[in-house]
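Peer 1: One letter stands for each residue in the lines below.
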Amino acid sequence: MDLQYGPEFDAFRAEVQAFLASAWPDSRRATADTEGVTADDQRAFVAAALAENYMYRSIPKRYGGSEQPFDALRETIIAEEFNAAGAPWRLGAQGVGMIVPTLLEAGTEWQREKFIPDTLRGDSVWCQGYSEPGAGSDLAALRSTARLEGDEWVINGHKVWTSDAAEANYMFGMFRTEPDAPKHAGISYLMMEMDPKRMDVRPLRQITGATHFYEVFFDDVRTPADWIVGERGQGWQIARINLKHERNFGGGGIPRSRFESLVALARETRIDGRPAIEHHDVRQRLAELEGRIRCCETLTLRQLSATANDEEADVALGTLCNKLYNTDLGEDLVQLGYDLIGDAGLEAPEDQSWSSIGGGGPSADWVDRFLFQLCGAIAAGSSNIQRNVIGERGLGLPRDLRSTT
Amino acid sequence: MHFGLTEEQTLLQHTVRELAAGEFPPNRLRELFDEGTGFDTDLWGRTAEMGLSGLIIPEEHGGAGLELLDLALVAEVIGEAALPGPFLGHALASLAITHGGSAEQKARWLPALATGDVIGTVALGETNEAWEPETWQTEDNGGSLTGAKRYVEYGDRADLLIVGTAGGGLALLEGDQRGETDIVDGLDRTRSVTHLSFDGAPAETLPGGKDAAPLVCDAGRILLAADAFGAAWKLIQLTVEYALEREQFGTKIAQFQSVKHQLANLASDCEPMRGLFWHAAHAFDHMPAARAREAATAKSHITDTAVRVGRRAVELHGGIGFTWECDVQFWVKRTMFDRTWLGSPRADRERIAQMLGW
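If you're matching them up, the sequences are chains A and B in order. Residues 1 to 405, numbered by the numbering used here, are exactly what the first sequence covers, in order. Residues 1 to 358, numbered by the numbering used here, are exactly what the second sequence covers, in order.
No wet-lab data here; the hints were simulated from the structure. Some clues are possibly wrong.
[Claimed, not checked] Reference excerpt, derived from the structure (chain A facing chain B, CB under 10 Å, subset only):
1) Phe217
2) Ala266
3) Asn309
4) Asp314
C-beta: ideal position from N, C-alpha, C; glycine also.
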């Protein structure tokens, strides 16, 4: 067991830090007023980071990436240092995180050339059309349709929980194109331009009061026939490609930074005339959370090591448990924060910057965080779905008996 | 960079598992549990032959010279098998002498501890949960011990006892000088505990005792955490097996989603703890500034969780889980010992708070 990265990597880390110090200076760091950061600032930074090969490393140069050999340790260092500096490490979660890897793996050459470079530059912004009112956990039950008319798909239906739909110029999503095929086999993966005339994009107001998600109504929206990824009826398999790309190096820092802001809250808050952090029950709860944060941090380290050393099987169970563990930890963390803010808990969140960007950022509004955490057990695979997967794939327990498959 | 087990470590765990399965089938564990001495001479002999009794003793004194992580990995498997025996006390006594003994004490005792011919133990805790060195009150007046120690692992049987003394020091006491013994009717019948009292018992001060004592306590915390981790996984495994076998309402109870979800919750609570004790054990030897905090974190978090896992395991076994006859109780009680011996989660969490400057 050796936790040192080694001198070559320590030198690399120093290089990355030096780059960030000049390209993303202190005035723009996470603790500062982030309103001062423009979209142009972000793009300029991304271009500079790309030139250093810090960004888009898994993407071939001919599509605008830096095409670097896979290196888990370098990627972790980059993610850690960029996070610490509050610097963007990609532009657009749906674009770079989802459609780009999907096109790299399953798209045609012209699709990659057409869509990837603009997406990496931030010129194309994507949103995702997956969930529907009647298709959440049971996503394959989706009912939005696409029918082929000549050389176009004609799309009708209703998608929900679409992040960034108002800013997006493109959408990718799953639509039912084979009405007579069995459930999973009737879905195709389509791309389209956002069309204000035929799409009604409505904000979906969260319980927090903020807007980050949208719903989209499709009324004969049209897209070229060849804007399909994969074959007809293959959409479900195509969508699952994304699941392989969800590993996010350097993500282990997120629980720790949230915990630090909770500790800060406990120092600032006073109970019975002295800081909350001096009270026994608060100390006990914080120390209990610290134990679980350390579990997250050491699990992330195990995952990094497994990837770097080709020992992925060793963390298979840990990876299955990751989301559920973090959700439960996040819940207890915000619960303590909410307990500490006292009567401020009667007020609607003034500062909704946490929930309005889908979680994260410097906002210290604990009501916003407490309410936003409600989606942790729901989004991106609900906790009960996670429990099913852990039970079945992790422990070998039988699958649910279902009335329909 | 490698935060994972080496091939040697994987082999070590495998070998101990094989030994446990071969030497200690379930009915033998039950026999011993019912008998209550918590000691099986043959098992102790076999583990000593395997090198477990000298695993962390330096090579120059006849041990394998391995690190605490290696011993913790062994402790995990011992916990998983609920192996009875003085493994913990013996390892801590060896550590005490290695880090705090004089050259002469090391030369005299470490080789025999390494072979297991001498069984060592540590006598640390006193009344009012005084487990920590700064709370010890047993007096060492130039090698003469007066005081009382509680819950000493195999205190009635050990040949060599390392006793924590007032001011945070350590003294070495031979078994025949152990004084009055009061064998406790302990809950975990795989690990016998005894109260001792000394009235002028002749002992030898360990010259480096004050430096060694915190190390001994931290190593103990990590080994208990590892034991509890192994026990927790055993509890999950037993419960999965039971759920896959037990039928009610015309189906195996594993088919019920609530059962599946409860087991998934237990797995999710436990698996992330694996790296926690690895890192704490690694820090013990390689990251001294983090040692105490990581040991306290591993002990409090893992043993606390393991006790909860045990309680859910009983629930999921239904009525049979509530019986003496059901093996689940061995690990329920194993985790309860791990949680309480050497200080409760509450005590360790307060120490963590202080160490983090809260």
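Peer 1: Against this structure, judge whether each hint is valid.
Peer 2: Each hint, compared with the structure:
1. Phe217: 34 Å, violated
2. Ala266: 8 Å, holds
3. Asn309: 6 Å, holds
4. Asp314: For A/Asp314, the interface hint holds, since the closest Cβ of chain B sits about 6 Å away, which is under 10 Å.
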